[in-house]
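*Asks:* As they're listed, the protein sequences go chains W and U. Plus 113 on top of the position in the first sequence (first one is 1) and you've got my numbering. Plus 1474 on top of the position in the second sequence (first one is 1) and you've got my numbering.
Warning: the hint list may mix true and false statements.
Unchecked claim - With a Cα cut of at most 20 angstroms, we get these calculated SDA-like pairs of lysine to any residue:
1. W:LYS131 - U:VAL1799
2. W:LYS122 - W:LEU189
3. W:LYS148 - U:PHE1876
4. W:LYS131 - U:ARG1810
5. W:LYS310 - U:GLN1879
6. W:LYS148 - U:ARG1785
7. W:LYS148 - U:SER1874
8. U:LYS1577 - U:ALA1605
9. W:LYS148 - U:GLY1870
10. U:LYS1885 - W:LYS168
11. U:LYS1540 - U:THR1595
12. W:LYS131 - U:ASN1780
13. W:LYS310 - W:GLU251
14. W:LYS131 - U:LYS1837
15. W:LYS270 - W:ILE231
16. W:LYS148 - U:LEU1803
17. W:LYS310 - U:ASN1780
18. W:LYS148 - W:GLN173
19. W:LYS168 - U:HIS1855
20. W:LYS168 - U:PHE1876
21. W:LYS148 - U:GLU1787
22. W:LYS148 - U:ALA1781
23. W:LYS148 - U:ARG1810
24. W:LYS310 - U:SER1888
25. W:LYS168 - U:GLN1879
26. W:LYS120 - U:LEU1808
27. U:LYS1653 - U:HIS1703
28. W:LYS168 - U:GLY1870
29. U:LYS1837 - W:LEU189
30. W:LYS310 - U:THR1880
31. U:LYS1837 - W:ASP308
32. U:LYS1837 - W:GLU306
33. W:LYS310 - U:TRP1883
Calculated directly from the structure, the hints in this document are not laboratory data.
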Amino acid sequence: MITDFPKIKVVLDEQLTKFSRQVLRESSPLLRGMKVHLQHEDEEHRFNTLDGAEKELPYQDQVGEFTFLRDELPTLSIPEIFKRCADAVREMASQTERETFRTIGEAVDEVGNTLKNIDPCDPQSFLAALDKIQMDFEGSRQQPVMPTLFANEETIKEFRRRFEMLTPEQRYDFEQRREAIMDRKYAEYLSREGDRKLVD
Amino acid sequence: MLNTFLAKAIESWLTKSNELSYTLPFCEVLTAQGFSIIHLSKQNAFEQGKDVIALRADELHAYQLKGGNITDDRWVREVWPEIEKLRKLPVVHPSVAAGTPHKSYLVTNGVLEDTVRRMITDLNNTQWAEAPLTVIVGGQLLRDFIDASEAFVPQEVVDYQNLIDLIFSDGRGMLDESKLTRLFEETLRLRDGELSKAARRRSITATVLYASYVLSSAAREQNHIAVMHGVTYLTAHKLSQYLSSNVDWDSVQAATLLRWNATGQILWGEGAVAAFLIRFWLFNLLMPADTTVSVFLEGPLRDVLNANGHRSEMGLLSPYYGIDVAARLASGTLDRELSETFTGRSYSIGFLLDLLARYGYRKPLAQLWRDISDLPHTEYHPAQRWEYFARRGESGAEVSRFPDQTQSWAKLVSDAEVVDLPTIPRLLRETPAFMPYFALCYPHHLSRNLVRYFDDTVRETTAP
Chain W
114 MITDFPKIKV VLDEQLTKFS RQVLRESSPL LRGMKVHLQH EDEEHRFNTL
164 DGAEKELPYQ DQVGEFTFLR DELPTLSIPE IFKRCADAVR EMASQTERET
214 FRTIGEAVDE VGNTLKNIDP CDPQSFLAAL DKIQMDFEGS RQQPVMPTLF
264 ANEETIKEFR RRFEMLTPEQ RYDFEQRREA IMDRKYAEYL SREGDRKLVD
Chain U
1475 MLNTFLAKAI ESWLTKSNEL SYTLPFCEVL TAQGFSIIHL SKQNAFEQGK
1525 DVIALRADEL HAYQLKGGNI TDDRWVREVW PEIEKLRKLP VVHPSVAAGT
1575 PHKSYLVTNG VLEDTVRRMI TDLNNTQWAE APLTVIVGGQ LLRDFIDASE
1625 AFVPQEVVDY QNLIDLIFSD GRGMLDESKL TRLFEETLRL RDGELSKAAR
1675 RRSITATVLY ASYVLSSAAR EQNHIAVMHG VTYLTAHKLS QYLSSNVDWD
1725 SVQAATLLRW NATGQILWGE GAVAAFLIRF WLFNLLMPAD TTVSVFLEGP
1775 LRDVLNANGH RSEMGLLSPY YGIDVAARLA SGTLDRELSE TFTGRSYSIG
1825 FLLDLLARYG YRKPLAQLWR DISDLPHTEY HPAQRWEYFA RRGESGAEVS
1875 RFPDQTQSWA KLVSDAEVVD LPTIPRLLRE TPAFMPYFAL CYPHHLSRNL
1925 VRYFDDTVRE TTAP
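The shape of chain W in the complex, shown without the other chains (with noise of 0.2 angstroms):
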């Protein structure tokens, strides 16, 4: 008789996903702060966007794996055992994170709105990034919703001395400018609030 654990394997499943979903959310803060769908029947989902495009979202596996060998498992600890397990995760986590700018880059690209041949760590690269870029506001000029930007820490490293570098009439120039843009995009969202309406 082949000895089971049907009990046991399912707390131990339970347990398992609860501590990938931990892992997941600490490794990414991207993944931490996206919203989850579950698709609960069937794989296939299509869906507009509010420009009226139809489009269908192709899922994709994300697949982390780890190994025990049989002669290793009497001697595994239980934290080299969840040390697998994590490092299994932060890999499925990192292909997500690479998959979702892939996928966000082709958007962009799409509508034309990659910035290409620029110095990332360029101050006036920000403004034009922020030109680009659609925002929201919580109601007035003062309260925008202010992007997230995603960079290595190289780059930020990089982009922060260059903007401490600025003298103090780059940065008065700096700052006009992020006002007349930040100005511009209060003026948009306003536009585009108000053609949110019923009419006959």
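Given chain W, work out where chain U should sit, using these hints.
*Replies:* Quick look at chain U alone, frame taken from chain W:
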């Protein structure tokens, strides 16, 4: 005196019943005798030997129901331990003060073996003397059922013939609708406006008993659809009686019912929206000129927009989750983590919008359009029509649609009138009365097209 043949028919039904099949008729008899049923067993471990708990005046009564004869062996092995729990463990119920003593009953549709009867008598005279066990056996039960039935036995020969035909049907097909409804009309005395409220109460008891008799053959054949069909007719006829224009029964005006229904409703999830649609249709029929019925559409629409909008942290549970999950979530007793966030889309906004447009409620839609235009409607489109009736479809697609940002009212109304008839399952086209049950059981398969179609059928039914 009840016709002997009919008494034999009731005896035959009772003999063939198990404890589950005679529980509800037994409760009806208790109700007719002035008891209020406060608990009915769900056959789980928490029942503590009590299948039915009833109150009469200040007295508390607890019943353990059994089917068939109770032999010596069965008594020792199965029944006695439950009777000990029935007698000893106090009734725990919000309607009852803690520590209230109760009377205990063992009920069976069979008989007690002599040794068992003797043992219970001895126990009642000794250890159980302070709280003896009362036994109700098949003969007494039969008398109670006959008593409750006899005042409302069908009077006309043709009705009597109908009853006998129904009782002795083979239970394998659908019950004869015309015979069944004629029986209910007769036993509820629907055309008799002279009955007192007490007599009507007794007529309901008798009708429930007759329904149990005539549905028993279908139940034995596990013909659940026929049973559901019969129970639905029974409920509908009881409702007809309740809402009839009889002086005694017209005390609750439709407007009062509307007020009761419009307040205190909890939208525990998007799965609950279907119940609001059904109330909307019902009150629209009862009070066609009253625009306040729109509360059944406007209320859930506002709740969905508030809960599922982009600024909300936690949305309403999608229709893929039932009220049990909602209750567990609210009470912190959910045994698993919900990984899903429900904001940013809605499974019901589309058909709420359609119905409001169909009935000309422009003002609330104009007021809410900014939020409406920010929330896509999502629904499942099965590739095969049979998949509407599957718990989960195997093909097809989930489809999300943003409303237009600037929306023409005229177009909204004309779009809301469009029904894609070929995609409606034939069962729903041929039996639109099934739609409310479908909506309640399959809220995750309720699409805009189905709701529009059902609204058409309601309109056609009520068109002058």
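*Asks:* Looking at the structure, which of the earlier hints fail to hold?
*Replies:* 9, 10, 12, 14 and 29
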